[in-house]
Amino acid sequence: MEVLLFGIAKDIVGKSSFRFNADELAPGSVSELRERLKRSFPEFGKLSSLAVAVNSAYADDAVQLKEGDEIALIPPVSGG
Amino acid sequence: MEVLLFGIAKDIVGKSSFRFNADELAPGSVSELRERLKRSFPEFGKLSSLAVAVNSAYADDAVQLKEGDEIALIPPVSGG
Amino acid sequence: MKGNISIEIFDVIDTSAVFAELSHPQSGGICVFVGAVREFTDNEEVLSLEFETYKVMALKEMNKIALEAIEKWNLNKVVIRHAVGPKNVEEPVVVVGASSAHRDACFKACRYLIDTLKERVPIWKKEIFKNKSVWVSAHP
Amino acid sequence: MKGNISIEIFDVIDTSAVFAELSHPQSGGICVFVGAVREFTDNEEVLSLEFETYKVMALKEMNKIALEAIEKWNLNKVVIRHAVGPKNVEEPVVVVGASSAHRDACFKACRYLIDTLKERVPIWKKEIFKNKSVWVSAHP
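Chains as they are written, first to last, in the numbering used here: chain G, 1 to 80; chain H, 1 to 80; chain L, 1 to 140; chain W, 1 to 140.
Simulated from the structure, these hints should not be mistaken for lab results.
Bear in mind the structure is a predicted one, so any value in this text is a computation, not a measurement.
Any given hint could be a false lead.
So these bits of chain W aren't anywhere near chain L, every CB distance computed over 12 Å [said to hold, decoys possible]: (1) 20; (2) 52; (3) 68; (4) 85; (5) 111.
In silico contact screen, one side only, chain W against chain L (beta carbon under 7 Å); selected entries [as the list claims (entries may be wrong)]: (6) 86; (7) 88; (8) 107; (9) 127; (10) 129.
Just so you know, even glycine gets a beta-carbon here, dropped at the ideal spot from N, CA and C.
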């Protein structure tokens with residue numbers, strides 16, 4: 001399971017994407033992904049917000065993740 | 001004293017300007033001009049509004065008119 | 001004097017350079033409104049429009065409106081342009097624009113420019129239909 | 001489907017043709033907002049900006065916003081364009097525009113397009129100052 005990183009999320013992790021090495025270690029839901037990230041990278045907890053997109057649409061905490069999903073971390077947007 | 005006419009005012013009078021032939025016949029104020037016009041051309045009374053400009057600025061009824069002023073009738077504007 | 005003003009009345013107005021003209025190093029926002037000729041008025045087909053102006057006064061009033069907007073919203077630049085003569089469907093007849101540090105000011109200023117122009121600037125529009133022509137707003 | 005939509009993300013955005021693109025025989029009003037790079041943020045001199053996007057999602061969100069605006073204000077045409085990569089002072093970074101029968105709808109729609117783009121579209125802006133660079137809005 002691959003997670004795309006943008007903006008400050010890319011700076012926090014130090015790369016533009018990462019993988020959960022084995023499928024059995026992948027988080028089962030958006031909320032689980034979010035929890036795990038904050039544990040591994042406490043900097044995520046300091047952001048104004050951290051949204052998650054699944055297959056290029058905003059996904060709330062309850063959304064289940066499955067192999068093949070395109071997942072992305074969306075730190076506070078600042079276009080325009 | 002010359003009075004410039006625009007838009008429907010030009011159509012009502014049938015020309016783009018007119019003069020008061022002798023200075024002693026010229027109206028002394030904006031309100032007098034307005035009254036005289038409505039008497040000579042009752043169609044002016046039917047307009048949504050009729051403003052008067054003296055020297056290319058809106059002038060209210062009390063403004064006095066003198067020889068050499070540039071006077072214009074301003075029927076309802078509709079630019080834009 | 002803060003706020004650079006460009007006021008013009010032309011036979012044909014060009015919209016292609018307006019953003020470049022309103023650009024300013026301290027402007028994060030530029031808002032422009034263009035009014036164009038519509039095909040229908042109250043479901044009646046408009047063949048063309050004809051604009052007439054009292055040019056010397058129109059330019060003065062447009063300048064006053066620009067100054068009022070600069071004062072009120074602290075604008076960096078203002079453009080007000082109006083076309084005269086015959087105009088066909090889709091042709092631009094008026095362009096107003098403002099640039100400011102933040103977007104709220106330029107949106108409000110742009111709306112003020114067009115609303116006030118329509119109220120005060122001595123320009124008259126005649127709508128030409130198939131069987132008649134009408135000076136817009138002349139009668140109640 | 002009423003309402004023609006043009007959504008794009010480019011390295012450089014061109015503003016010169018936007019009014020021609022939004023022109024429509026039933027549109028009497030066209031409102032366009034351009035966001036550009038400002039020289040100062042909180043009195044600190046900005047050397048340049050850098051925009052990054054999650055492009056596939058950004059295009060989808062921009063399309064959703066355009067559809068919402070068309071539905072709400074009965075627009076004839078909508079344009080949403082955003083630049084990515086490095087941008088210097090005065091360069092346009094975003095263009096949003098709407099055309100509609102009357103001016104009230106296109107003004108309100110244009111404001112909605114830019115406000116909602118700033119809230120939802122996955123684009124990130126980094127401000128580059130002399131001694132630091134900052135992802136805008138990242139921290140409270």
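Going through the hints against the structure:
1. 20: Per Cβ check, residue 20 of chain W is inside 12 Å of chain L; nearest 7 Å; violated.
2. 52: 19 Å, holds
3. 68: 19 Å, holds
4. 85: 18 Å, holds
5. 111: 6 Å, violated
6. 86: 17 Å, violated
7. 88: 10 Å, violated
8. 107: It holds, given that the least Cβ distance between residue 107 of chain W and chain L is near 6 Å, below 7 Å.
9. 127: Interface hint status for residue 127 of chain W: violated (12 Å vs cutoff 7 Å).
10. 129: Violated, because the Cβ-Cβ distance from residue 129 of chain W to chain L comes to roughly 16 Å (cut-off 7 Å).
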